[in-house]
Amino acid sequence: VFIEGMTCMSCVRNIEGVISVKPGVKFIKVSLEKKLAYVKFDPSVLTVEAVRQAVDDMGFEASLDQ
Amino acid sequence: RHEFSMEMTCEGCSNAATRVLTKAGGTDIVTDLASKKVLVTSDKSSDELLEILKKTGKAITYVGPVN
Ligand SMILES: [Cu+2]
Ligand SMILES: [Cu+2]
Numbered sequence: 011v012f013i014e015g016m017t018c019m020s021c022v023r024n025i026e027g028v029i030s031v032k033p034g035v036k037f038i039k040v041s042l043e044k045k046l047a048y049v050k051f052d053p054s055v056l057t058v059e060a061v062r063q064a065v066d067d068m069g070f071e072a073s074l075d076q
Numbered sequence: 028r029h030e031f032s033m034e035m036t037c038e039g040c041s042n043a044a045t046r047v048l049t050k051a052g053g054t055d056i057v058t059d060l061a062s063k064k065v066l067v068t069s070d071k072s073s074d075e076l077l078e079i080l081k082k083t084g085k086a087i088t089y090v091g092p093v094n
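Protein chains in written order, with our numbering: chain X, 11 to 76; chain C, 28 to 94.
These are calculated hints, taken from the structure and not from any lab test.
Each hint should be verified, as a subset may be incorrect.
[As the list claims (entries may be wrong)] Taking CB as the label site, the calculated pair distances span:
#1 C:V93 x X:K39: 37 to 45 angstroms
#2 X:C18 x C:S62: 16 to 24 angstroms
#3 X:K50 x C:D55: 38 to 46 angstroms
#4 X:V55 x C:V57: 35 to 43 angstroms
#5 C:D74 x X:T57: 26 to 34 angstroms
#6 X:K50 x C:V90: 33 to 41 angstroms
#7 C:S32 x X:P53: 33 to 41 angstroms
#8 X:P33 x C:A86: 16 to 24 angstroms
#9 C:R28 x X:V55: 35 to 43 angstroms
#10 X:S30 x C:T88: 20 to 28 angstroms
#11 C:D59 x X:E59: 15 to 23 angstroms
[What the hints assert, rightly or not] For lysine-lysine, the following BS3-like pairs were computed, each having C-alpha atoms within a straight-line distance of at most 25 angstroms:
#12 C:K82 x X:K32
#13 C:K85 x X:K50
#14 X:K44 x C:K82
#15 C:K50 x C:K71
#16 X:K44 x C:K85
From the three backbone atoms N, C-alpha and C, an ideal C-beta is built for every residue, glycine too.
Chain C with its partners taken away, still in its complex shape (with noise of 0.2 angstroms):
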């Protein structure tokens, strides 16, 4: 499972990130507006994830590994 922190504004860029991660395989997705966090279960490598959370076009960088 990993965290990764993403500058999101509103709802459009939590649900952006939803669905992206959701399109990659994701599961269990969290997103969080207040304190920037996303969370996800994947079977993808982080910097796989983070290539993909890129192009939602926001600032994003990854946090680590979470249980």
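Chain X extracted, bound-state conformation (with noise of 0.2 angstroms):
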């Protein structure tokens, strides 16, 4: 997921923070540099779009491409 907005590692950190925590997430590693954030999740659980929209609903820009 591609992520707009990030200023710092606070923002980083948050973002991984919420994220984990969803149900069906198993992994999150946000990268501030390259705007970016790998996701692992339980397909029978979560799509791709819902993560897009859980970034997006915390107020950071979040697309699926670049």
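Could you fit the two chains together into a complex? Lean on the hints.
Rendered as structure tokens:
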């Protein structure tokens, strides 16, 4: 998931913290530099669009393509 | 018009607050990092706005109505 609007590591940790506790999310790693989140999730619980939507609801501009 | 107190540490946080409130139809949004203040005009109730702001992952409390 591509993410716009993160300005520092506290933004990164905030996103990782909120998304990682969502049901179905197995792993998340956010790169501030690359403006990118790598998310591993259970496809029977979540879709990639649902993950994008959750990041977007946090107030960051999230998209699936660059 | 509503006032909230929100744990904001950087511009990313205040921009996030502005963005979620804008998406929810809020207008006249003012955020202040130093005083942790968020002001918004909206038809939504304070509870609805609180739920929307909570999704940012930040500690947030409702201060009260303001003019
Ligand atoms: Cu930040
Ligand atoms: Cu921040």
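Now for the hints, and whether the structure bears them out:
Taking 37 to 45 angstroms as the suggested C-beta distance range, the pair V93 of chain C and K39 of chain X conforms, at roughly 40 angstroms. The hinted range of 16 to 24 angstroms is satisfied by C18 of chain X and S62 of chain C, whose Cβ atoms lie roughly 20 angstroms apart. Under the hint 38 to 46 angstroms, the C-beta atoms of K50 of chain X and D55 of chain C, about 41 angstroms apart, fit the expected range. Judged by the Cβ atoms, the range 35 to 43 angstroms given for V55 of chain X and V57 of chain C holds: they are separated by roughly 38 angstroms.
In this structure the supplied range 26 to 34 angstroms holds for D74 of chain C paired with T57 of chain X, their Cβ-Cβ distance being about 29 angstroms. Judged by the Cβ atoms, the range 33 to 41 angstroms given for K50 of chain X and V90 of chain C holds: they are separated by roughly 39 angstroms. Separated by about 39 angstroms at the C-beta atoms, S32 of chain C and P53 of chain X satisfy the suggested range of 33 to 41 angstroms. Range check, P33 of chain X to A86 of chain C: Cβ separation about 22 angstroms, and the 16 to 24 angstroms hint holds.
Between R28 of chain C and V55 of chain X the beta carbons are some 39 angstroms apart, a value that agrees with the proposed interval 35 to 43 angstroms. The beta-carbon spacing between S30 of chain X and T88 of chain C, approximately 24 angstroms, falls within the hinted interval of 20 to 28 angstroms. The hinted range of 15 to 23 angstroms is not satisfied by D59 of chain C and E59 of chain X, whose Cβ atoms lie roughly 34 angstroms apart. For the hint pairing K82 of chain C with K32 of chain X, the CA-to-CA distance comes to about 12 angstroms; that is within 25 angstroms, so the pair holds.
A threshold of 25 angstroms between alpha carbons decides the hint, and for K85 of chain C with K50 of chain X the separation of about 23 angstroms falls inside it, so the pair holds. Under the criterion of a C-alpha separation no larger than 25 angstroms, the hint pairing K44 of chain X with K82 of chain C is consistent with the structure, at around 23 angstroms. Between K50 of chain C and K71 of chain C the CA atoms are separated by roughly 12 angstroms; this keeps the pair inside 25 angstroms, and the hint holds. Between K44 of chain X and K85 of chain C the CA atoms are separated by roughly 23 angstroms; this keeps the pair inside 25 angstroms, and the hint holds.
Hint 11 from the list above is the single one not met by this structure.
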